[in-house]
Amino acid sequence: MIAEFGQFALILAMLAALLQGTFPFAGVARGDFALASIGRSAALAQATLVALAFACLTIAHATSDFSVLNVVQNSHTAKPFIYKLSGVWGNHEGSMLLWILILAVYGAAVAINARDDAPALTAQVLGVQGLVAFAFIAFILFTSNPFERIFPAPADGADLNPLLQDPGLAIHPPFLYLGYVGFSVTFAYAIAGLLQKRVDADWAQAVRPWALAAWVFLTIGIALGSWWAYYELGWGGFWAWDPVENASFMPWLAGTAFLHSVRVVEKRDALKVWTVLLAILAFSLSLIGTFLVRSGILTSVHAFAVDPARGVFILAILGVVIGGSLTLFALRGAFLTTQSTFQPVSREGAILLNNVFLVTACATVFIGTFYPLFVDIVSSERLSVGAPFFNATFLPLMAALLFVLAPGAALAWKKGDIKSGLAQLFPAMAAGVAGAVIALWLTWPKPVAAALGAGLAVWAIAGTVTDIARRTKVFSVPVRDSLTRLGGLPRSYVGMSLAHFGLAIVALGVLGAGVWRTETVRLMQIGDVVAVGAYEARLTEVVHSEGPNYVTEVAQFEILKGGRQVREMSAERRFYPVRGMQTTEAAIWTTLAGDVYLTLGEESQVGGWAVRAFFNPLVIWMWIGSGIIALGGVVAAGERAFAPRGRRISTASTTAGATV
Amino acid sequence: MKRILLALPLAAFVVLSAYFAIGLQRDPSKIPSVLIDKPLPQFDLPAIEGFEKGFSSGDLKGRVALINVFGSWCASCVIEHPVLMEIAASGDVLIAGLDWKDEKGAGSHWLQKYGNPYSLIGDDADGRTAIDLGVTGAPETFIVDKNGRIRYKQVGPIDRRIWREELRPLVEKLERDGADGD
Numbered sequence: 000m001i002a003e004f005g006q007f008a009l010i011l012a013m014l015a016a017l018l019q020g021t022f023p024f025a026g027v028a029r030g031d032f033a034l035a036s037i038g039r040s041a042a043l044a045q046a047t048l049v050a051l052a053f054a055c056l057t058i059a060h061a062t063s064d065f066s067v068l069n070v071v072q073n074s075h076t077a078k079p080f081i082y083k084l085s086g087v088w089g090n091h092e093g094s095m096l097l098w099i100l101i102l103a104v105y106g107a108a109v110a111i112n113a114r115d116d117a118p119a120l121t122a123q124v125l126g127v128q129g130l131v132a133f134a135f136i137a138f139i140l141f142t143s144n145p146f147e148r149i150f151p152a153p154a155d156g157a158d159l160n161p162l163l164q165d166p167g168l169a170i171h172p173p174f175l176y177l178g179y180v181g182f183s184v185t186f187a188y189a190i191a192g193l194l195q196k197r198v199d200a201d202w203a204q205a206v207r208p209w210a211l212a213a214w215v216f217l218t219i220g221i222a223l224g225s226w227w228a229y230y231e232l233g234w235g236g237f238w239a240w241d242p243v244e245n246a247s248f249m250p251w252l253a254g255t256a257f258l259h260s261v262r263v264v265e266k267r268d269a270l271k272v273w274t275v276l277l278a279i280l281a282f283s284l285s286l287i288g289t290f291l292v293r294s295g296i297l298t299s300v301h302a303f304a305v306d307p308a309r310g311v312f313i314l315a316i317l318g319v320v321i322g323g324s325l326t327l328f329a330l331r332g333a334f335l336t337t338q339s340t341f342q343p344v345s346r347e348g349a350i351l352l353n354n355v356f357l358v359t360a361c362a363t364v365f366i367g368t369f370y371p372l373f374v375d376i377v378s379s380e381r382l383s384v385g386a387p388f389f390n391a392t393f394l395p396l397m398a399a400l401l402f403v404l405a406p407g408a409a410l411a412w413k414k415g416d417i418k419s420g421l422a423q424l425f426p427a428m429a430a431g432v433a434g435a436v437i438a439l440w441l442t443w444p445k446p447v448a449a450a451l452g453a454g455l456a457v458w459a460i461a462g463t464v465t466d467i468a469r470r471t472k473v474f475s476v477p478v479r480d481s482l483t484r485l486g487g488l489p490r491s492y493v494g495m496s497l498a499h500f501g502l503a504i505v506a507l508g509v510l511g512a513g514v515w516r517t518e519t520v521r522l523m524q525i526g527d528v529v530a531v532g533a534y535e536a537r538l539t540e541v542v543h544s545e546g547p548n549y550v551t552e553v554a555q556f557e558i559l560k561g562g563r564q565v566r567e568m569s570a571e572r573r574f575y576p577v578r579g580m581q582t583t584e585a586a587i588w589t590t591l592a593g594d595v596y597l598t599l600g601e602e603s604q605v606g607g608w609a610v611r612a613f614f615n616p617l618v619i620w621m622w623i624g625s626g627i628i629a630l631g632g633v634v635a636a637g638e639r640a641f642a643p644r645g646r647r648i649s650t651a652s653t654t655a656g657a658t659v
Numbered sequence: 000m001k002r003i004l005l006a007l008p009l010a011a012f013v014v015l016s017a018y019f020a021i022g023l024q025r026d027p028s029k030i031p032s033v034l035i036d037k038p039l040p041q042f043d044l045p046a047i048e049g050f051e052k053g054f055s056s057g058d059l060k061g062r063v064a065l066i067n068v069f070g071s072w073c074a075s076c077v078i079e080h081p082v083l084m085e086i087a088a089s090g091d092v093l094i095a096g097l098d099w100k101d102e103k104g105a106g107s108h109w110l111q112k113y114g115n116p117y118s119l120i121g122d123d124a125d126g127r128t129a130i131d132l133g134v135t136g137a138p139e140t141f142i143v144d145k146n147g148r149i150r151y152k153q154v155g156p157i158d159r160r161i162w163r164e165e166l167r168p169l170v171e172k173l174e175r176d177g178a179d180g181d
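Residue numbers (numbering that gives the first Met the number 0), protein chains in the order written: chain C, 0 to 659; chain W, 0 to 181.
Derived by calculation from the structure, the hints in this document are not laboratory data.
Since the model is a prediction, treat every value here as computed from it, not as a measurement.
Check the hints yourself; a few may be wrong.
Stated by the list, open to error - Straight-line alpha carbon distances no greater than 35 Å define the calculated DSBU-like cross-link-like pairs of lysine-lysine that follow:
no.	chain 1	residue 1	chain 2	residue 2
1	W	Lys1	C	Lys266
2	W	Lys145	W	Lys52
3	C	Lys413	W	Lys1
4	W	Lys37	W	Lys1
Chain W on its own, in the form it takes in the complex (with noise of 0.2 Å):
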């Protein structure tokens, strides 16, 4: 019995260290999340300060978008906010926002100061729409096809090259694809 008893915190540890080496395999920022080919969760943001319209997931029926997380307190924006305002530039998809747990005004004042890459914004302040789309952190970018269903997540920021070989491929195959009416 004492053998066992001895022996539990060994058992314990040999599952936590299992659970780490399944946890470092997947890398955060290159986890396929759960979420992808599932419809997008329905939500109904506000606009944030300073803007008419709000982002509700029923703005994107029937078209190829992409969804980026962002937040003005995040550094991590800053540094991926060129790239965006570049694809906003070419008009290759549309891109939408998800102000994450802001407060009022600081949005708006961000993108006033760094531009505005965002057809459409909406004011997750209580961060309730973000916890439904899974997000860890800020930046997160989501693409959504026609028919509304998540089909891609980037945990961090998407630089010029994930753009190039990863999204921009992906956006176009979506496009072309259409609709299929299920």
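The shape of chain C in the complex, shown without the other chains (with noise of 0.2 Å):
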């Protein structure tokens, strides 16, 4: 019975989303805002529709209803009650349901926020949301329906996918869904302007805020990714270059690129045929980032639905909308029309200057990722792209980035002084050369490049803290007034300046994890002890064991430091006969100088067992970076709520009625 409700609100929901994907646009069409206006019910009706559904799978999977198809496929009674809850997104048709549950809610937040002073655009803005939410719903209900009955139902399912059996699964697809459906908001604001042929200040406010919220879960959806990577799957790896990590960084560098340019539409009224086209990319790679996992056409480990008939159905919704955005914004784009005048030597100067390197970085990526499909095609040649394709182009990319952060945002808009903005950032400067100096000798004779990258982070580190000093006047006023002039800075600003700041602190994890790391594989006997960075490991026994639907092998160690003992650490093999397949829990040991990170191998016939041991340096810095960067956009994000309301009433009524 829950089931068939659930596909019924499902149904609904379809309907709904294409009452909120025409009205708005006939109703804009006639002036009238009362027709129009009809696209705010209708997105609410569809948040709760598509919510009850979403309810509907979840308590099938609560309750191990194996007469749903979806649950028999991906659930087991013996599964711990959590991952039975999380196995409603982790698989294919649920994933795609909490897409759509994602959208729709994003739909209902933009209705229930919109502001009376731009009617035309906000129902414009909810119509394409209606337009993309009923392609997806279709999606669902013609090729990958979660609620399909199996008859005779059995007794039991053929669980979950151990690997995905994390509290990092349970959290993180729906952080990254939240990043890229988020995108849908800023993409329909692109069309909204370029419909209306309005992109403005106004226009760059309303969005600002929808884009930091996007970019803030996606940054934290990839960060939980990595980590994920890193705790879960035992290579102590934490970013392969996969394309489904791809997937989900090329919107990360596409949004990041738009947060930069939509403040110059805002301050400076120009870029905005560039910023309308980052929008409408971030979401165009979002949704491709959807298709890559679903369909086969890049074989991956993460790939769990290969089906290629759901691929062309997801290509028509792509060419559909990529297609007809950009179609739109070739016929439109000549209309947005800028009358300031561009120095070079500015801020807007500085995030042109970013918004090359991101959009490169975010090109390169993207080549990586599908050149081996091109080639394919072309040259019927098989070959693969790896690593060291991303190391030689992305890095040196995000090296000039870093490079570049600090003076850049110290210069002011309109016209900067590169000079007196110089003079400021010498300590910076001899901070960052004095990195590069320590880190060598720390380091040495691991590559010179690391220690110049990390010369480059303390650059940057040190740039963004020069500059919040210059703007509190910390040694030239009081400290009393210099505390004053902290709270009194603008939110915006805050948040930039810890994003650029977290950002710095990543890039010194990920040299420390990928750089720095030492890696040692020994064949051990108990009591066998092997060196792992300051430290030393010992082997005391290994012991098998019974888990709720696995069987485990643990390995106990004991870390030494100077021959005495600081920590025990236990590491695990576990094999889930239900699927067959086995995991490794890695042993780890997180303190801010690095990681002592522990895997048990196969026991060998002569005895003993394969221990990987790994000292990751700096590893938790690449979290708590990542953490300083999301609070950052949540700061930015804030700016808005704060702002007084009257600034935004402007000519949008006016002009509304006319256009279309």
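Two chains, each in its own frame: build the complex with the hints.
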């Protein structure tokens, strides 16, 4: 009964989305805002109905209703309850339903937060969202129905992939989706702006909080994904340039570029065409991200729904959404004119440079991800592009980005003064050089490029701090005044500084975990000792035991420093009989200086166990830095809530009726 | 000029979607490998830990063989494994294995645990031979004829149906064909 109820709710949601996707456009075209505002009610109705459908699937999973095919394929009575819940989106159908749910919730949020000062813009934004929702609900209903029944119902399910049975999975996809789907709002604003030929400061202010929200979620989602790979997959790495990782990273890069350029639209009424294009790109790349995982076009360890039929449906959606929006862009872009002049040495000039780096980086990742496919089609030759390609192309771009970050952020809008700017940044420069030298000294004979990278990160950190010091006049006025000034800094500036600071911290963590780590593989007997960084690990015992749905082998290690025990750790190798799969649970001891990371391999025929021992310096700073970046986004997004509302009343309502 | 610039993203997208459209037609698990009907690349792989003999392309001379790319790290290989064991037990075809990107000893432990269907096993720890073979993921399976030419490639696990309906008839046909002397 519950499954039919869910399916019915989803069908109604599709109809609501259709209303939401048509009435606003008709209303705006006829200048009838009562008609257009049906879109708001439709958006709320759609969100309620999708939430009902999602609740139904959740109940089916929670109660292990094995008459529902989706539950049979992805659950098992022996599975811990929390993973029964996360199992709702741990599969193709359920994850698509989550995608729709988030889209609908964003739609409802737009409908609720919509102000009356720009009714045409809001109406069309909701309309675009409605059309996207309609396409994806249709996709679910016709190709990936999560409510399909199975008769006769089997006694038990097929279990959830044990690799996916992890707290990381319970929260990682929802965050990624909140990010991906959040860019649908930005996209909808871009389309509405093109339709109305109006992209200005008001538009930029309206869209920025949504872009920030999406970007914050995506930042957290990517960091969690990386964290999950590091803690769960047990290979000691955090980023593999896997197509699915790239798929989440590309919209992040485009979205980051958008966040910077939208500021130029707001402040200087420039870069409009470019900003609109970035908004379209960010969402297009999000869709391609979904598409990458859902079709068999690129095989990857993550792909849990390899099915070309679904791929064709998604391709059709992509064609309409991306092709349609780019056609509109080609037709209407010329109407987005600007009056302001553009000085190269200025904040907007620096942002343009930032955009060039970010978009080039995004293009690099795109090429690296799709090049094998292109080559395959053109020349029938198969190859794969691995980490070396990305390291050689992407990392220099990031280095350049770190290099211009601090001076760029310190420049004034309109016309900056490069000389006084550089003079102010002189201490930061000195800090950067010192950082590089110290890093080289500490890590020798590791690559010099990494030490230079560390110098750049220190330079970016010090430059960001210097600029805050300048604005708060730390050394020229009493401390109390400086604190007052600190409190009075605009939230957007504080947010930006936090994000820049966080990025530099992440860079240090990436260098530590990616370049400066040490790895030892050793066949160990009980009592053997292996060196891990400044520590030693002694294998004390290995025991076999049983978990709720797996059997496990647990190795106990004693961590020694200077011969004295500082800690005990245990690494595990689990076997899940229902799926016949094995997972490793690495033993990880995190300190601020670095992680001791031990994994247990197979027992050898000659006795002993293969043990991999890593020392990964500074890993924790990647997660801390990511958190600071996200916090920066949250702080910056808060700005609008405190800004006076009157400013936004503008010409929208007078021009809106005449357009489209 | 500006109009052309504005239309550039659309043009780029049209080209990209054409690629995607073609890419989708080529379901990766069904694409005939470019190596089909080409000679098997030359290789000479060392033995994996605990085995005496390695696996070189010359070992297959004059024989129809099934080459299976596997790895102890590969989850789908575990699923495929019982099928390979059955084929090995039937003696219908020589099965050779390529232990792809495995850690030292991991492959032999894996075989010890699940059973060994391979008459020949080579250790492709650095993945060079797999690159020559155009391997995109494990498991992958090739059928080689008596002249050392690749005649079939399967991406992903082979199951009983694929063996019964595609691979076995092909193997039987290749056995009958014999070597033509080119």
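Hint check results:
For a cut-off of 35 Å, the pair hint linking W:Lys1 to C:Lys266 stands: about 24 Å separates their Cα positions. Restraint check for W:Lys145 and W:Lys52: satisfied, since their Cα atoms lie roughly 21 Å apart, inside the 35 Å limit. About 24 Å separates the Cα atoms of C:Lys413 and W:Lys1, which keeps this hinted pair within 35 Å; it holds. Distance check on the hinted pair: W:Lys37 and W:Lys1 sit about 50 Å apart at the alpha-carbon level, beyond 35 Å; violated.
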